[in-house]
Amino acid sequence: MHGGDADAQAPARLQPRPDRGPEPRRRPRWIVVDNQDIHLAAAKAAGATEAALRAQTALFQDEPMQACAPGAMVVPGPGLEEVSDAVLAATEASGTPLGERRRLLGKYLGSYHHAAGLNRALERVATRYALVIDPDFYVVRPGWIAEVLAHVRAEDLAAFGAPWNPRWYQKFRYFPCTHFMVLDLAKRPWSPGLLAPDLVRGGRRFASRQWTAYAAARAASARRRWGVCCAIPSAPSPTTSGKGAASAARATPAMP
Amino acid sequence: MQAFAAEPALTSGLLTPVFSARDGYQPAAVTPLQDNPLLNAFLPDRWCYRPKRPGYISPAGFREAGLPDFRGLGWEEFLWRGAPFAVHVRGELQRGPAGGVEDDAVGRGLDAVLRRLGQPPLDPLGAAVGGGSA
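Here the protein sequences come in this chain order: A and X.
Counting the first sequence from 1 gives a position; our numbering is that position plus 477.
Counting the second sequence from 1 gives a position; our numbering is that position plus 37.
Warning: the hint list may mix true and false statements.
Which bits of chain X does chain A cover? Going by a derived footprint, with three or more residues having C-beta under 8 Å, they are [stated by the list, open to error]:
id : region
1  : 57-67
2  : 86-95
3  : 114-124
4  : 141-154
Please keep in mind that the hints were generated in silico from the structure rather than gathered at the bench.
It should be emphasised that the depicted structure is a prediction, and the values quoted were computed from it without experimental measurement.
Note that the Cβ used here is the ideal one computed from N, Cα and C, for glycine as well.
All chains should be modelled from the sequences, with the hints used to inform the complete structure.
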């Protein structure tokens, strides 16, 4: 999250600059949200060992994070329970039964937690333009911040960024998503729900059950073939295909 | 977020995602028939799995530009102004294997890009963070 100069002690300075002229050049300041809760919860859910969890926890200590992002402001992310409670309260009037909302929230809590973390960063941005970027989104173009900002100014854009890749066909298209996004906060001032997803609601998202089962079977078959190839130097064992099938079962997306 | 995207007064600009049939859909529940260009030519955009807006998708990515093939790892590539712009590493625990994540693979791939650009290799502690370049 890049928000130019930011001041953690002055959250009241949220109003973006009203003028649309170029800002004076200055070194950008990064705001890093420490969302360790969701990562540790996911690792636990995936069956990580105590040692692996300790190692992952160590990754999130303040000192290494500061070392990885020199000069950045590290903001503690929200807790999972806090986000969960807020989403359930916010969707209470949707008409979707509580049980269904809890089920959907269990599936998409990571997305809401991510958005809540971004909110914590965005509320600290005091500049007109804010750049949101995921830690696994690598820009490989030299000088891209200046170039992108010049483009946003020249084209008078409110938002610029990466859309969902078309492989995620259930997501929205033709608009940037939060993986990488530049926001002009003069055109669209920040509000707490600005980047929140809309996933805890009634209705199912379409995916063909038959084709999903077929694709999973093909993947399992490919894994079995690969497993046999790997096992040839020693001896093929019944567990090879068993492991492949287990992996495929885990790989199969849980359809609503 | 969807409400934000639907605000009619907002103008937006986009990077170009790289996508072709070999990338596959997530969830993997789209038949070849459903992704058939001939059939989709007659359907409105909202009924098509693949977005129809001209120029929205590029089938050619980093590999075609002489860079490492990140899509081969299941990751996502983005272009801007016809040139490689960014890579999104995929492989989240909760969504199944959309792609593989391996620290060495990230470093090797990005260093190859930097070499091509005549830039020094990555500093493992990310000394470039905070500057105007990646």
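Here is how each hint holds up against the structure:
{"no.": "1", "hint": "57-67", "result": "holds (count 8)"}
{"no.": "2", "hint": "86-95", "result": "holds (count 6)"}
{"no.": "3", "hint": "114-124", "result": "holds (count 7)"}
{"no.": "4", "hint": "141-154", "result": "holds (count 5)"}
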